[in-house]
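**Student:** Here is what each chain is made of, one letter per residue.
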Amino acid sequence: MSGVTDKFAFEPERYEFRADPIHQFELARRDFFKLLGAGIAVFAIAKDALGAQETAPGHRSFHNEELPKDISAWLHVGEDGTVTGFTGKAEIGQNIRTALAQTIADELRVPFESVRMVTADTALTPFDAGTFGSRTTSTITPQLRRVSAAARDILVEAAAKEWNVAPEGLIAAGAKVTDPASGHSLKYAELARGKTLAQNLPAEDPITPAAQWTIAGKPIPKVDGRSFVTGHHQYTTDIRFPGMLYGKVLRPPSFGATLTACDDSTLKAMTGVVVVRDGDFVGVAAPSAHEAQTALDAIHAQWKEVPQISNKEIFSYLKQNAAAKSEDRFRKQKGSVEEGLAGAAHRLDATYTVAYVAHAPLEPRAAVAQWTDGKLTVWTGTQRPFANRDELADVFHLPESSVRVIVPDTGSAYGGKHTSDAAVEAARLSRAAGRPVKVVWTREEEFTWAYFRPAGVIEIKSGAASDGTLTAWEFHNYHSGMSGIETPYVVANQRTEYHPVPLILRSGSYRGLAATANHFARETHMDALASAARLDSLDFRMKNLSDARMRAVLEAAAKSFGWPRKKTQKGQGFGLACGDEKGSYVATFAEVAVDRKSDAVRVVRMVEAFECGAIVNPDGLHNQVVGAMIQGLGGALFEAIEFESGRIKNPHFASYRVPRFRDVPEIEAILLDRKDLPSAGAGETPIMAVAPAIGNAIFHATGVRLNNLPMAPNGLRPA
Amino acid sequence: MAKPIELEVNGKRYPVNYPPDTPLLYVLRDELGLTGSKYGCGEGQCGACTVLIGGAPRRSCQIPVSAAAAKPVTTIEGLEKDGRLNAVQQAFLDAGAFQCAYCTSGMIMSSVGLLQANPNPSQVQIIQFLQGNVCRCGTHPRIIEAVRQAAKMMQEHGR
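Protein chains in written order, with the working numbering: chain E, 15 to 733; chain F, 727 to 885.
Since the hints were made in silico from the structure, they are not lab data. Note that CB positions come from ideal geometry on N, CA and C, so glycine has one too. Some hints here could point you the wrong way.
[Unchecked claim] Now the stretches of chain E that chain F is said to cover, found in silico as 3 or more residues with beta-carbon under 8 Å: (1) 243-255; (2) 642-650; (3) 662-676.
[To be verified] Short, incomplete list of chain F residues facing chain E, as computed with Cβ under 7 Å: (4) Y740; (5) T748; (6) E803; (7) G804; (8) Q815; (9) C826; (10) Y828; (11) C829; (12) S831; (13) P847; (14) S848; (15) I853; (16) R862.
Please put together the full structure from these sequences, using the hints given.
**Tutor:** So, in structure tokens, the structure goes:
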């Protein structure tokens with residue numbers, strides 16, 4: 015897996031990007047990719063773009079973010095007027111299928127209903143690094159606008175040619191081109207008939223400014239909503255083929271355990287059961303899920319286990335095992351923290367911790383694999399179809415052209431579905447069985463064998479002058495990651511450092527990455543500093559902020575929330591937090607009620623203002639923002655993975671508590687639409703300020719400062 | 727050992743041959759092809775597999791197929807009548823009360839069960855009733871709103 019880290023362009027806490035596939039089969043490993051990488055063209059891309067993407071060293075060349083520019087790969091105007099947009103992005107509940115279709119309809123000037131999106135299919139859609147990092151809106155939306163604008167120009171030119179007039183005077187609108195001078199008009203469908211659209215896309219096409227959008231910017235409902243409320247939508251887990259078998263994989267009793275003996279002799283009596291043993295991989299496939307489970311239970315395996323630490327020791331372990339000195343790219347410094355601290359009227363030194371949390375998507379990891387004439391097709395709910403294709407090609411020693419990965423609209427992911435685990439398992443079993451095989455992870459497997467948002471320790475030292483001006487800021491993150499690590503506040507003297515630590519549990523991306531941990535620590539610390547300086551939390555932040563967009567979200571949320579507020583009852587508290595990340599801004603205000611008898615904490619109300627530039631679909635955005643607030647509440651108060659001796663101790667919804675209806679407060683999401691700014695993604699940033707806002711409200715209610723996430727797994731009582 | 731069992735699902739009779747302790751969910755999904763009911767946990771803790779058995783919402787992953795044989799079973803696929811959505815389905819659609827929508831079938835079936843027993847539930851009663859259904863995308867406020875709207879729709883139009 016070398017050749018990846020040297021050009022690593024993504025956040026260091028995306029550990030799963032650099033991890034090996036979970037199963038390595040004992041076959042000769044040959045690398046077909048260098049030979050065939052540049053020659054694979056399962057979809058039409060202009061030669062220069064293909065070269066840029068596929069000839070980079072190493073098959074997992076996801077550091078190259080250049081997008082293909084060939085118009086036919088991205089957009090198709092059919093002879094019946096149907097417009098099809100192609101994107102390698104996956105629909106995982108974030109509603110891009112609707113938002114991207116709106117974008118195309120808007121720019122191409124066609125009715126929304128005439129646009130359909132083909133998403134995340136390695137045989138049909140352009141290469142894409144993956145659906146993560148809030149990049150669909152920021153990168154694909156302008157790309158689709160450019161191709162739509164180019165397609166519109168081509169249609170106008172075709173009409174001009176038809177009528178023998180200059181294209182400048184013609185108008186493209188309502189899926190047709192009209193000549194106001196002559197009154198002639200031709201539908202796009204008529205113009206497209208028998209023609210091929212031009213191949214090259216100018217890099218800087220003029221595109222419609224947000225203020226003039228007519229279809230984008232509107233709250234258009236989810237495009238195929240009806241198929242979801244009727245149960246007809248087929249998720250990966252719902253796919254069935256004639257003769258398909260159900261696969262199960264034997265899991266070790268603990269992480270890192272190796273197989274020492276395996277007796278599957280009793281399975282020979284079971285009809286229709288296929289057993290695969292390949293290295294440490296042991297799996298079965300049977301005509302029903304029930305029979306597959308029975309077969310799996312009949313295997314007697316012995317494992318050699320290795321001692322491992324528990325969640326109780328994790329934070330001291332992380333501190334002790336951090337590299338003595340981190341790489342330059344992980345450090346940033348300006349001024350002198352020592353001088354800033356020396357001159358400060360208020361000084362604060364505090365440590366914060368965050369636990370491992372699970373994504374727990376409701377649709378577990380799943381895949382259906384089918385081999386036909388040595389070629390492999392896999393349906394799987396992944397955020398990275400092309401990386402999955404490459405991993406499958408790698409594991410099965412196939413050229414990439416022999417592997418197709420298709421992603422049905424998926425039962426959510428939150429950064430958790432980047433790897434190809436279930437796909438590899440289904441493909442391995444299917445190859446042995448000679449029939450299609452479906453693998454659906456159980457909830458326990460999902461909680462145990464997926465990857466987690468990494469735990470972390472954060473240390474902050476700070477100083478402020480007597481009037482509240484920040485004078486010093488020193489911030490160290492151990493293990494959890496670099497996202498959102500830099501303070502948005504104006505501080506003359508600062509030092510920021512990320513300290514990597516080798517993995518303990520399998521870890522990786524999670525909605526917002528480490529920005530949630532870093533914002534929790536920073537915004538909790540800011541609140542404590544405000545309180546030390548006897549300043550209002552909002553005034554203190556405003557005093558040290560110069561970014562107008564950050565100030566705007568704080569002001570908007572403060573107004574709706576009614577900040578500052580006086581307590582009207584015992585146990586009531588109010589808190590706030592803010593932050594910016596990936597081009598968007600958030601401010602969250604929370605009201606909590608703490609029952610002093612039971613020590614139970616209840617979030618009563620949350621108000622969040624969010625700004626991500628020009629809003630593409632306010633309805634979908636509202637869902638994403640409210641959803642992030644509720645998910646953030648879980649990690650803030652009670653979500654934590656417990657582990658010991660390489661085992662997850664709470665791999666069930668009964669023991670790993672996720673937010674449920676009773677946990678959900680009154681919620682208000684204020685969406686600030688900045689039509690003068692480019693659209694940014696919105697899947698992640700709205701989660702970041704939730705935990706510190708709640709923690710600061712708990713402090714306001716009780717005087718107890720909570721520096722560890724989750725803050726109240728048993729209310730305010732110790733476990 | 728597999729045994730012949732007759733199920734009545736969405737008004738149709740299906741003879742099946744299954745071990746009696748097989749969870750109903752697997753028979754619905756894998757044998758009858760009614761995949762609208764989802765596997766979320768297999769432990770009765772998430773509600774994604776909820777169906778109506780004799781009109782009452784039940785976690786089909788926890789009901790042995792033999793126990794479902796005596797009563798009519800309704801799944802999400804059985805709610806639509808002559809191309810017309812059930813009021814709860816329509817209300818979920820109108821409210822945009824889903825994101826990934828993997829929980830939606832279970833949410834709708836639980837809500838249909840609630841409204842059959844209590845046509846005019848309070849907000850607290852809705853929350854109480856849906857406590858066992860997980861929505862990991864955090865669409866809870868819209869789901870509550872959808873159930874309220876469905877109750878209203880049913881009272882106004884008798885749907």
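**Student:** So which of the earlier hints does this model not fit?
**Tutor:** Hints 4, 7, 13, 14 contradicted; others consistent.
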